[in-house]
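Those sequence lines, one after another, are chains B and V.
Note that the first sequence ends on residue 383 in the UniProt record's numbering; no numbers are left out.
Note that the second sequence ends on residue 383 in the UniProt record's numbering; no numbers are left out.
No wet-lab data here; the hints were simulated from the structure.
Since the model is a prediction, treat every value here as computed from it, not as a measurement.
Wrong hints could be hidden among the right ones.
Identical copies look the same in the list; a pair holds intra-copy or inter-copy alike.
Said to hold, decoys possible - Each computed BS3-like pair below joins lysine-lysine, with the alpha-carbon atoms no more than 25 Å apart:
#: 1; residue 1: Lys380; residue 2: Lys146
#: 2; residue 1: Lys369; residue 2: Lys380
#: 3; residue 1: Lys166; residue 2: Lys369
#: 4; residue 1: Lys36; residue 2: Lys380
Number of protein chains: 2
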Amino acid sequence: MELAEDQNLSALAGSVLIIGTGLLGASVGLALRAQKIPVYLSDVSPTIEAIAEDIGAGRSLRAVATERGVAPSDLRQLLGSEPQLVVVAAPPDVCAQIVVEQLTLWQHAVVIDIASVKLSILQQVQQSGVDTSRYLGTHPMAGREKSGPVAARGELFTSRPFVVCKHPDVSPTAVRLAQTLGIEMGSTLTYLDAAEHDRAVALISHVPQVMSSLMASRLQETPLHALGLAGQGLRDTVRIAGSDPGLWIQILAANSENIVPTLHGVRDDLERLITTLENPTAAGARLDIAQLMSEGNAGVARIPGKHGGAPEAFSQLTVLVDDTPGQIARLLIDIGELGVNIEDLRLEHSPGQPVGMAEISVNPNEHEKLVEDLTSAGWKVVR
Amino acid sequence: MELAEDQNLSALAGSVLIIGTGLLGASVGLALRAQKIPVYLSDVSPTIEAIAEDIGAGRSLRAVATERGVAPSDLRQLLGSEPQLVVVAAPPDVCAQIVVEQLTLWQHAVVIDIASVKLSILQQVQQSGVDTSRYLGTHPMAGREKSGPVAARGELFTSRPFVVCKHPDVSPTAVRLAQTLGIEMGSTLTYLDAAEHDRAVALISHVPQVMSSLMASRLQETPLHALGLAGQGLRDTVRIAGSDPGLWIQILAANSENIVPTLHGVRDDLERLITTLENPTAAGARLDIAQLMSEGNAGVARIPGKHGGAPEAFSQLTVLVDDTPGQIARLLIDIGELGVNIEDLRLEHSPGQPVGMAEISVNPNEHEKLVEDLTSAGWKVVR
Chain B
1 MELAEDQNLS ALAGSVLIIG TGLLGASVGL ALRAQKIPVY LSDVSPTIEA
51 IAEDIGAGRS LRAVATERGV APSDLRQLLG SEPQLVVVAA PPDVCAQIVV
101 EQLTLWQHAV VIDIASVKLS ILQQVQQSGV DTSRYLGTHP MAGREKSGPV
151 AARGELFTSR PFVVCKHPDV SPTAVRLAQT LGIEMGSTLT YLDAAEHDRA
201 VALISHVPQV MSSLMASRLQ ETPLHALGLA GQGLRDTVRI AGSDPGLWIQ
251 ILAANSENIV PTLHGVRDDL ERLITTLENP TAAGARLDIA QLMSEGNAGV
301 ARIPGKHGGA PEAFSQLTVL VDDTPGQIAR LLIDIGELGV NIEDLRLEHS
351 PGQPVGMAEI SVNPNEHEKL VEDLTSAGWK VVR
Chain V
1 MELAEDQNLS ALAGSVLIIG TGLLGASVGL ALRAQKIPVY LSDVSPTIEA
51 IAEDIGAGRS LRAVATERGV APSDLRQLLG SEPQLVVVAA PPDVCAQIVV
101 EQLTLWQHAV VIDIASVKLS ILQQVQQSGV DTSRYLGTHP MAGREKSGPV
151 AARGELFTSR PFVVCKHPDV SPTAVRLAQT LGIEMGSTLT YLDAAEHDRA
201 VALISHVPQV MSSLMASRLQ ETPLHALGLA GQGLRDTVRI AGSDPGLWIQ
251 ILAANSENIV PTLHGVRDDL ERLITTLENP TAAGARLDIA QLMSEGNAGV
301 ARIPGKHGGA PEAFSQLTVL VDDTPGQIAR LLIDIGELGV NIEDLRLEHS
351 PGQPVGMAEI SVNPNEHEKL VEDLTSAGWK VVR
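Just chain B, with the same shape it has in the complex (with noise of 0.2 Å):
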């Protein structure tokens, strides 16, 4: 009986709950949509959850409210049956509260928040003394830097990490339920407790977000006849810039313990570099500066690359593709009947400019001989 009740839960046979429909929680729904998984939206913004159910990540509450006739606070008689899982899709500040009121509302249904930070809301789900074995922290590693359900899309978790926190008491049941909403999402999973990581996204995304966001704050100060000469190096260096503020001062509070000794570190950095830069001709400049940038390429080189494998382990070349429609197809089609597979393509443009250059990344075994293949094909290939 346990048995059965456990297998129909990790099958995600019942309907799903999303409180909160932006950007992650209408994600969600898309995703469980696709599978044809009955899913009932709630979001504290009428115009938020209207939106979400208009896209299609599943049934606004309050529009099932207005068609029965019912409260739209009663949520046990709007769904009709108790859901099998609760997805907390709601900002980190209010998540906690949330989640403790799902735990006391249902009696089995399993209550899994995907908030950014994961230790402060687990302490506070402990805290309230309600039973934390139907809840689970978990974390899918995806965003953009827009918000809101207009810019959710079911694949935005597809092939991204799914972090799971367990804590001791969590029960298998919700584990399994967890992993199989990462499955139904397309996410690779990964396991870390709460702490872990919290640790590692404030160096990973957190960090970075508050650096990129600095670096964006300096160009409001910047002439426009500067900022047409930007390339991509800025572009890339300020592109998360454009993220929520509101969500961001939610993580970057409910994270300010793993991210302030990081910050720390950048600090000492930056002031040891002023000092330098105050005095650049003094004894030393130029080995304190040497320093910043070898330990930058140090940092970088310990990304792994796409498939999890060694950083630059593929082979660049670089074609001139003119910017009309069907160029870079037709560049690809040619890459594509040679039988090779592009790792990763970039395009770089240029402001005013009809004219652009595709960068590939492929197998370096492949490189010579697509080298002079696409060369015979016509096209303008740089080594």
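With the hints as your guide, set chain V onto chain B.
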């Protein structure tokens, strides 16, 4: 007579001597050789000079010396006649000295440098007492996070800004020759004086490099399981941190006057943020974080789009693609056949998964129809 000579000069009919044959010098050589212009190469490193010749960037002066049995230092004899143009592509710290030597050595040759900093070089050349009418500082605004002639490509400067920094004493002949060089390389000519140039690049290139290196430096401490979770955000933020320390020591030292004030601004923002995050529950903490994030939003929004138009002028759609040969090509050929021009393309991949997402930017009024047509053609499109 004067006019005829000018026309001849502006046509770049004579030979070009490139001093410094790393990434940039060798790329200039490749671009000029593609136009059949005679190019001679000189580098302080025999190996770098030989590689530059091997990749087709021009004729190594050491190779010419060996062939003719003359001293490699006797430039006049090696070249046979005076070069029309000398391009100094040496590192910033020796650039001015080489410019002065070349202006002294030749009677008529125009001497152009292409270093990333301009004012300090101009001042050193002026202070040397040589005739500066034949000297002009320029900056072809392109680069790669790789260095050396092996990374060179003739199209490196294609459709990139080529900044010409006129000074009061420069001759029209020298300006026209610089313009011709820019045009031969397919660049977009832009005019700024040396001080304006240095202020602009501090903000759009030098400070971003510092920020990227500061961030990447922190990754030295990151456990590998954390780096395995890294997404595109981190990768973009630290990409340029892979750049050559040797070059950047000189650039940062030479332009420190313009970089330091911006770094002061970064430091002040960072200090404020650290203080806030050390006490994240204090009154006003959220507002402090919000301010930094919003200023980042405002800064990034000021960067012009690809064709120099307003940012965010394009509409994006995302298509799920298998990571097999020809998949992206098939997608793009479909788009090309619909007559739709792709404004930008970004492939996103994740560690360990053979699937990716292509984010495509198109003209907004082509967006809806494209989504429909691609969906009909069987593509998994996310609105």
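Going down the list of hints, with the structure as the test:
no.	hint	verdict
1	Lys380 <-> Lys146	between (36 Å within a copy, 20 Å between copies)
2	Lys369 <-> Lys380	within (15 Å within a copy, 32 Å between copies)
3	Lys166 <-> Lys369	neither (49 Å within a copy, 45 Å between copies)
4	Lys36 <-> Lys380	between (48 Å within a copy, 16 Å between copies)
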